[in-house]
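First to last, the protein sequences are chains E and C. Using my numbering, read the first sequence as starting at 17 and increasing by one per residue. Using my numbering, read the second sequence as starting at 23 and increasing by one per residue.
Honestly, the hints are just simulated from the structure, not real lab data. Some hints could be false.
Computed cross-link-like contacts, BS3-like style, restricted to lysine-lysine with a CA-CA straight-line distance of at most 25 Å [what the hints assert, rightly or not]:
| id | chain 1 | residue 1 | chain 2 | residue 2 |
| --- | --- | --- | --- | --- |
| 1 | E | Lys260 | E | Lys124 |
| 2 | E | Lys124 | C | Lys131 |
| 3 | C | Lys278 | E | Lys219 |
| 4 | C | Lys75 | E | Lys260 |
| 5 | C | Lys75 | C | Lys187 |
| 6 | C | Lys177 | E | Lys27 |
| 7 | C | Lys257 | E | Lys264 |
| 8 | C | Lys278 | E | Lys276 |
| 9 | C | Lys280 | C | Lys257 |
| 10 | E | Lys27 | E | Lys191 |
| 11 | C | Lys187 | E | Lys273 |
| 12 | C | Lys177 | E | Lys260 |
| 13 | C | Lys280 | E | Lys296 |
| 14 | C | Lys177 | E | Lys264 |
| 15 | E | Lys219 | E | Lys278 |
| 16 | E | Lys339 | E | Lys260 |
| 17 | E | Lys44 | C | Lys246 |
| 18 | E | Lys296 | C | Lys187 |
| 19 | E | Lys306 | E | Lys27 |
| 20 | E | Lys264 | E | Lys219 |
| 21 | C | Lys175 | C | Lys187 |
| 22 | E | Lys260 | E | Lys219 |
| 23 | C | Lys272 | E | Lys276 |
| 24 | C | Lys257 | E | Lys296 |
| 25 | E | Lys43 | C | Lys246 |
| 26 | E | Lys276 | C | Lys175 |
| 27 | E | Lys260 | E | Lys191 |
| 28 | E | Lys273 | E | Lys233 |
| 29 | E | Lys296 | E | Lys273 |
| 30 | C | Lys278 | C | Lys257 |
Each chain is listed here by its residues.
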Amino acid sequence: MARIFAYIVHKGGIADDSAAELAAAAKKIDAAASPVAVVTGWGAELDAVCETLCGSYAEIWKVANQALVYPNAELVRKALLSVLPNDGIVLVPHAHFGIDLSPGLAIKMNSAFVSDVLGIDGAEGSNLKLVRQEFGGQVSAHVRCDASSGAVLNLRPGAFNPQEGAPINGVIVDKSAEVGALTAGRRYLETVVAEAGDVDITKHAVLVSVGRGIQEKDNIAIAEELADTLGAAVSCSRPVVDAKWLPKSRQVGSSGKTVKPKIYMACGISGSFQHLAGLKGSPFIVAINKNPKAPIFQVADIGIVDDILEFLPELTSRVREMKQVSA
Amino acid sequence: MEILVCVRRVPDTSENEIQLNPAGNDIERDDLVYSINEPDNYAVEEALQMVAKAGGNVTVVTVGSDDDEEVLRREMAMGANHGVLLSDEAFDGSDGKGIATVLKAFVQKGHYDLILTGVQAEDGGAQVGGMLAAMLDYPFASLVNSIVVDGGKLKVSREIEGGNKEMNEIDLPCVLSIQTGINEPRYVGMRGIRQVASVKVPTFGASDLGVDASAVGDAGAKVKRMDYFMPALGKGAEMLQGDRQEVIAKLIELMKAKGGLN
Numbered sequence: 017m018a019r020i021f022a023y024i025v026h027k028g029g030i031a032d033d034s035a036a037e038l039a040a041a042a043k044k045i046d047a048a049a050s051p052v053a054v055v056t057g058w059g060a061e062l063d064a065v066c067e068t069l070c071g072s073y074a075e076i077w078k079v080a081n082q083a084l085v086y087p088n089a090e091l092v093r094k095a096l097l098s099v100l101p102n103d104g105i106v107l108v109p110h111a112h113f114g115i116d117l118s119p120g121l122a123i124k125m126n127s128a129f130v131s132d133v134l135g136i137d138g139a140e141g142s143n144l145k146l147v148r149q150e151f152g153g154q155v156s157a158h159v160r161c162d163a164s165s166g167a168v169l170n171l172r173p174g175a176f177n178p179q180e181g182a183p184i185n186g187v188i189v190d191k192s193a194e195v196g197a198l199t200a201g202r203r204y205l206e207t208v209v210a211e212a213g214d215v216d217i218t219k220h221a222v223l224v225s226v227g228r229g230i231q232e233k234d235n236i237a238i239a240e241e242l243a244d245t246l247g248a249a250v251s252c253s254r255p256v257v258d259a260k261w262l263p264k265s266r267q268v269g270s271s272g273k274t275v276k277p278k279i280y281m282a283c284g285i286s287g288s289f290q291h292l293a294g295l296k297g298s299p300f301i302v303a304i305n306k307n308p309k310a311p312i313f314q315v316a317d318i319g320i321v322d323d324i325l326e327f328l329p330e331l332t333s334r335v336r337e338m339k340q341v342s343a
Numbered sequence: 023m024e025i026l027v028c029v030r031r032v033p034d035t036s037e038n039e040i041q042l043n044p045a046g047n048d049i050e051r052d053d054l055v056y057s058i059n060e061p062d063n064y065a066v067e068e069a070l071q072m073v074a075k076a077g078g079n080v081t082v083v084t085v086g087s088d089d090d091e092e093v094l095r096r097e098m099a100m101g102a103n104h105g106v107l108l109s110d111e112a113f114d115g116s117d118g119k120g121i122a123t124v125l126k127a128f129v130q131k132g133h134y135d136l137i138l139t140g141v142q143a144e145d146g147g148a149q150v151g152g153m154l155a156a157m158l159d160y161p162f163a164s165l166v167n168s169i170v171v172d173g174g175k176l177k178v179s180r181e182i183e184g185g186n187k188e189m190n191e192i193d194l195p196c197v198l199s200i201q202t203g204i205n206e207p208r209y210v211g212m213r214g215i216r217q218v219a220s221v222k223v224p225t226f227g228a229s230d231l232g233v234d235a236s237a238v239g240d241a242g243a244k245v246k247r248m249d250y251f252m253p254a255l256g257k258g259a260e261m262l263q264g265d266r267q268e269v270i271a272k273l274i275e276l277m278k279a280k281g282g283l284n
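Here chain E stands alone, though its shape is the one from the complex (with noise of 0.2 Å):
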């Protein structure tokens, strides 16, 4: 078997959580596989990086290069083409970093690229199974993936659970002299952050979320009636963002805000992982959506098989009937 490279997303002198997932998925592809971390980036920040990373990878391969201080996908990727053997299994998680990166390295390695991989099934000689998740992620797909000329996955944050071992003493190899002057046709800019919006949903401890089930701008009321009866705010998973029908700030998901409420009602929302990602210390979740196959259903604690539009208004008239005959 290839040996197996792990690329570590890093930010402000610390590993991302992934670095660990990569680590356990490595065995997955091969129990006896010692893979390597690589790390690029610049200064006190990547050695504080890949100082932290000898507790969990036997070798740390590190790319210093000032060019790589922020890291841009076509610098990065020339400078993996440097260093990285043809025939390697590169590991990347499947974030906006990755899917800038990882299809491009591939072809320039002509490698086998499979995306958004979210198991591993083991090796066949140098076939790898996998398994990945189509439409939605209503039916999954094992996919044979030939990695005799190498390969680069991308895989699934939150899919492989990192292995408690006993500490690594790892070694770090400097592979910055390896690497050439490096110059892209994009180039990094600034960074702007997200505006707060109007209403801070991550305060909030019950949020009615609604998705592309609520069907029309006007039928955000019935949300907002729901909510202002609980005490609670309207967050929202994607579509509706993409629609216009709330803000940006309203987003629950990787791309938009991390929520950490008590009870999360998830209001004709089908589920995805982008979205799923944003729900942070466990909340009691009470899924509502008419197709009784949402992936929603898996990972909620209460399930509704209803129409919303129909279910919330009703809902609220309960609640507040309820309110006032305590009050």
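Keeping the supplied structure of chain E fixed, place chain C upon it in accordance with the hints.
Frame of chain E; chain C shown alone:
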């Protein structure tokens, strides 16, 4: 500005229940409604808005079969100037790299300043745009949610974590993968579709494009789907049964118990 937009026809899964066929090698497709891949539609709208300001043409292209012509016509009804179908038995079974190889051959037959794709299709590949850029040695940016033309360059923002935006300058020609929500795609009515119904859509095959048939399709694919299966269920939700009033009563009790209702 000459803009090429790579599009795809996909089953519209947002409202449909997907079932497996008895053999487990595909989904049941008989009752599925197909439509344009949603992010691709945003890409076409973005291209149309760009040429409305800067002049030029928008060409939509897809790798597929005769059935896929309908999405080309739909995008032409939106305003795309040309639609092109890349179709050949040799393309069947292509993986992402195979599709990108066919598109690259087509790109090299013409001249495009900018190539757009949707960020991903229903199978979540998010791969063809980045592959095509690498094959052409063009710069690439994924998850693009705004584009401003700035001389011979573009200023693009990418959607990164937490709703933040990563601003980049990128040289032309380049490839961008477009995120949903970048604009508000215009409505296409039946009348618009009828108006382009008789416009000829040129079709190119492997020999027209000079594509080596062994490098694409099933023969060239390093990545192949073996089967479909239903996801292993987690613990799963406790499903509340009964009529709506009963369900609401149970839900209210549960929410009280969890401290969400006083």
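Problem set entry | Structure versus earlier hints, numbers of those that do not hold, lowest first | 1, 7, 16, 19, 26, 27
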